[in-house]
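Heads up: the protein sequence lines correspond to chains A and B, in order.
Position 153 (the first sequence) corresponds to 153 in the numbering used here; numbering is contiguous.
Position 82 (the second sequence) corresponds to 82 in the numbering used here; numbering is contiguous.
Read the hints as simulated data drawn from the structure, not as lab findings.
Check the hints yourself; a few may be wrong.
[To be verified] Quick list of in silico lysine to any residue cross-link-like pairs, SDA-like style, CA-CA up to 20 Å:
no., chain 1, residue 1, chain 2, residue 2
1, A, 100, B, 118
2, A, 174, B, 38
3, A, 174, B, 118
4, B, 92, A, 192
5, A, 174, B, 18
6, A, 174, B, 6
7, A, 100, B, 111
8, A, 100, B, 116
9, B, 92, A, 200
10, B, 38, A, 191
11, A, 174, B, 113
12, A, 100, B, 8
13, B, 38, A, 170
14, A, 174, B, 116
15, B, 92, A, 185
16, A, 174, B, 76
17, A, 174, B, 29
18, A, 100, B, 72
19, A, 174, B, 117
20, A, 174, B, 92
21, A, 174, B, 70
22, B, 38, A, 118
23, B, 92, A, 100
24, B, 92, A, 132
25, A, 100, A, 132
26, B, 92, A, 184
27, B, 92, A, 137
28, A, 174, B, 73
29, A, 100, A, 44
30, B, 38, A, 42
31, A, 100, B, 112
32, A, 174, A, 200
33, A, 174, B, 13
34, B, 38, A, 196
35, A, 100, B, 75
Small disclaimer: the values here were computed from a predicted structure and weren't measured.
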Amino acid sequence: MYRITKILTLSEGADTAALIHDLAATAGNNRQVLGSALAPTLPEASAAGDYIWRLHFANEAGARGWALADGLEANAIMNDPARVRQVDSVGYMSGRTGSKQTLSRGVYRLLMISLNEAANAADVAQFEYETYEMGLYIPSIVQWRISRVSDGSSAGPWTHIWEQEYRDPDGLLKTYMLHPHHWGWINRWYDPECAEHIVHNVCQSFCLFDNSAF
Amino acid sequence: MSEPGQENIFYLDHLVAQPGRAEELLRFYMSDYVPQAKGRGLSLVHRWVTPPLWLREQSNELFVIWSVEGAQAWWDAARHRRADPSFLGFWKEAQPMILSRRRLFLSDVDDVSSLNHV
């Protein structure tokens with residue numbers, strides 16, 4: 001499965017309803033798009049952007065097919081400064097995925113990650129493994145996936161996307177944040193005071209969902 | 001065993017000094033880094049050195065231990081640090097005195113269950 005995930009920051013005064021309608025139409029009109037979900041970000045904490053747009057395709061060729069057809073219209077909309085101020089976008093094959101059960105609704109959270117170019121392959125592999133491992137240890141993470149980005153844009157350059165689903169916002173804002181796997185273990189890759197530090201930049205956002213991204 | 005949210009979380013800075021420079025490194029750590037870290041809510045708990053003499057031609061290892069009370073305080077300290085990244089200047093200036101370093105986060109083993117029950 002190939003996925004494109006975008007965080008959209010709208011321009012002040014943009015007609016939100018029309019924008020969402022127009023973007024959704026570029027996905028709904030194209031048979032290469034197997035799924036599309038556009039949802040407003042939650043106001044809690046430090047969620048980036050105003051909307052998260054998730055698209056998925058059978059493979060990368062399908063994504064290219066959309067990009068060369070209805071995706072051109074989507075890009076024209078997103079490149080209109082009167083409507084959209086910023087887009088962070090990643091394209092990727094689904095990476096290592098874990099699941100405790102399937103949720104029909106809940107909170108979807110993504111973290112776009114940019115690793116230092118100097119990070120060695122062994123460190124990157126360990127980072128990816130430990131990120132996956134968070135889902136095994138942290139009870140509130142119900143479904144999760146760490147993927148390598150093949151096509152990124154904006155502030156990155158994004159190298160990875162870390163996606164999770166939770167039953168409710170507390171699962172993310174309390175359990176995930178306060179669990180020792182987070183602050184006492186995996187944090188060292190993100191912490192410039194730790195020798196293992198390899199994360200250059202991150203961008204996180206989250207929204208409610210009623211169709212699972214997994 | 002501590003009450004949930006009140007567990008001591010320890011930061012261990014394990015610094016292997018360049019040969020003959022451990023005392024100088026510790027002085028610089030105390031004068032430059034410690035005030036910044038205390039300002040972020042960290043309490044200095046221990047400053048240990050091995051071996052317990054200042055080596056002239058080999059490396060001493062320093063173990064500096066800090067603590068905060070509870071995971072929320074850990075995040076509060078991290079947020080303070082994000083707002084003022086001046087600590088990076090310390091590590092850059094100290095680098096010529098350091099052979100290697102590692103930072104670890106620890107707890108009392110009796111607090112593991114409570115810390116994981118979130």
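A quick look at each hint next to the structure:
1. Restraint check for residue 100 of chain A and residue 118 of chain B: the C-alpha separation of about 18 Å stays at or below 20 Å, so the hint holds.
2. About 25 Å separates the Cα atoms of residue 174 of chain A and residue 38 of chain B, which puts this hinted pair outside 20 Å; it is violated.
3. For the hint pairing residue 174 of chain A with residue 118 of chain B, the CA-to-CA distance comes to about 7 Å; that is within 20 Å, so the pair holds.
4. For the hint pairing residue 92 of chain B with residue 192 of chain A, the CA-to-CA distance comes to about 11 Å; that is within 20 Å, so the pair holds.
5. With a CA separation close to 42 Å, the supplied pair residue 174 of chain A and residue 18 of chain B exceeds the 20 Å bound.
6. Taken as a hint, the residue 174 of chain A and residue 6 of chain B pair is honoured in the structure, with Cα atoms around 16 Å apart against an allowance of 20 Å.
7. With a CA separation close to 27 Å, the supplied pair residue 100 of chain A and residue 111 of chain B exceeds the 20 Å bound.
8. In summary, the hint linking residue 100 of chain A to residue 116 of chain B is supported, as the alpha carbons are separated by about 18 Å, within the 20 Å threshold.
9. Annotation: proposed proximity of residue 92 of chain B to residue 200 of chain A holds, straight-line Cα distance about 17 Å (limit 20 Å).
10. Of the pairs offered as hints, the one joining residue 38 of chain B and residue 191 of chain A holds, with about 18 Å between alpha carbons and a cut-off of 20 Å not exceeded.
11. This hinted pair checks out: residue 174 of chain A and residue 113 of chain B have alpha carbons roughly 17 Å apart, not beyond 20 Å.
12. A distance of roughly 31 Å separates the Cα atoms of residue 100 of chain A and residue 8 of chain B; the hinted pair therefore is violated under the 20 Å criterion.
13. Between residue 38 of chain B and residue 170 of chain A the alpha-carbon distance is near 30 Å, which puts this suggested pair outside the 20 Å criterion.
14. For a cut-off of 20 Å, the pair hint linking residue 174 of chain A to residue 116 of chain B stands: about 12 Å separates their Cα positions.
15. Of the supplied pair hints, the one linking residue 92 of chain B and residue 185 of chain A is violated, its CA atoms being roughly 24 Å apart against a limit of 20 Å.
16. Proximity of residue 174 of chain A to residue 76 of chain B is assessed by CA-CA distance (about 14 Å); at most 20 Å being required, the pair is judged to hold.
17. Restraint check for residue 174 of chain A and residue 29 of chain B: the C-alpha separation of about 34 Å exceeds 20 Å, so the hint is violated.
18. Only pairs whose Cα atoms come within 20 Å are accepted, and residue 100 of chain A paired with residue 72 of chain B is rejected, the gap being roughly 27 Å.
19. Proposed proximity of residue 174 of chain A and residue 117 of chain B is supported: the alpha carbons are some 11 Å apart, at most 20 Å.
20. A hinted pair counts as satisfied when its Cα atoms are at most 20 Å apart, and residue 174 of chain A with residue 92 of chain B does not qualify at roughly 34 Å.
21. In summary, the hint linking residue 174 of chain A to residue 70 of chain B is supported, as the alpha carbons are separated by about 13 Å, within the 20 Å threshold.
22. Restraint check for residue 38 of chain B and residue 118 of chain A: not satisfied, since their Cα atoms lie roughly 32 Å apart, outside the 20 Å limit.
23. For the hint pairing residue 92 of chain B with residue 100 of chain A, the CA-to-CA distance comes to about 44 Å; that exceeds 20 Å, so the pair is violated.
24. Between the alpha carbons of residue 92 of chain B and residue 132 of chain A the distance comes to roughly 32 Å, so the proposed pair goes past 20 Å and is violated.
25. The suggested pairing of residue 100 of chain A with residue 132 of chain A holds, with an alpha-carbon distance near 13 Å, which does not exceed 20 Å.
26. Between the alpha carbons of residue 92 of chain B and residue 184 of chain A the distance comes to roughly 24 Å, so the proposed pair goes past 20 Å and is violated.
27. With a C-alpha separation of about 35 Å, the suggested pair residue 92 of chain B and residue 137 of chain A falls outside the 20 Å cut-off, and the hint is violated.
28. Proposed proximity of residue 174 of chain A and residue 73 of chain B is supported: the alpha carbons are some 13 Å apart, at most 20 Å.
29. Distance restraint check for residue 100 of chain A and residue 44 of chain A: the Cα-Cα separation of roughly 25 Å exceeds the 20 Å cut-off, and the hinted pair is therefore not satisfied.
30. The suggested pairing of residue 38 of chain B with residue 42 of chain A is violated, with an alpha-carbon distance near 34 Å, which exceeds 20 Å.
31. As the CA atoms of residue 100 of chain A and residue 112 of chain B are separated by approximately 23 Å, the hinted pair breaks the 20 Å bound.
32. The straight-line distance between the Cα atoms of residue 174 of chain A and residue 200 of chain A is roughly 25 Å, outside the 20 Å bound, and the hint therefore fails.
33. Simply put, residue 174 of chain A and residue 13 of chain B have alpha-carbon atoms about 27 Å apart, too far for the 20 Å limit, and the pair is violated.
34. Using a Cα cut-off of 20 Å, the hinted pair residue 38 of chain B and residue 196 of chain A is violated, with the two alpha carbons roughly 23 Å apart.
35. The suggested pairing of residue 100 of chain A with residue 75 of chain B is violated, with an alpha-carbon distance near 28 Å, which exceeds 20 Å.
This entry does not satisfy hints 2, 5, 7, 12, 13, 15, 17, 18, 20, 22, 23, 24, 26, 27, 29, 30, 31, 32, 33, 34 and 35, going by the numbered hints stated previously.
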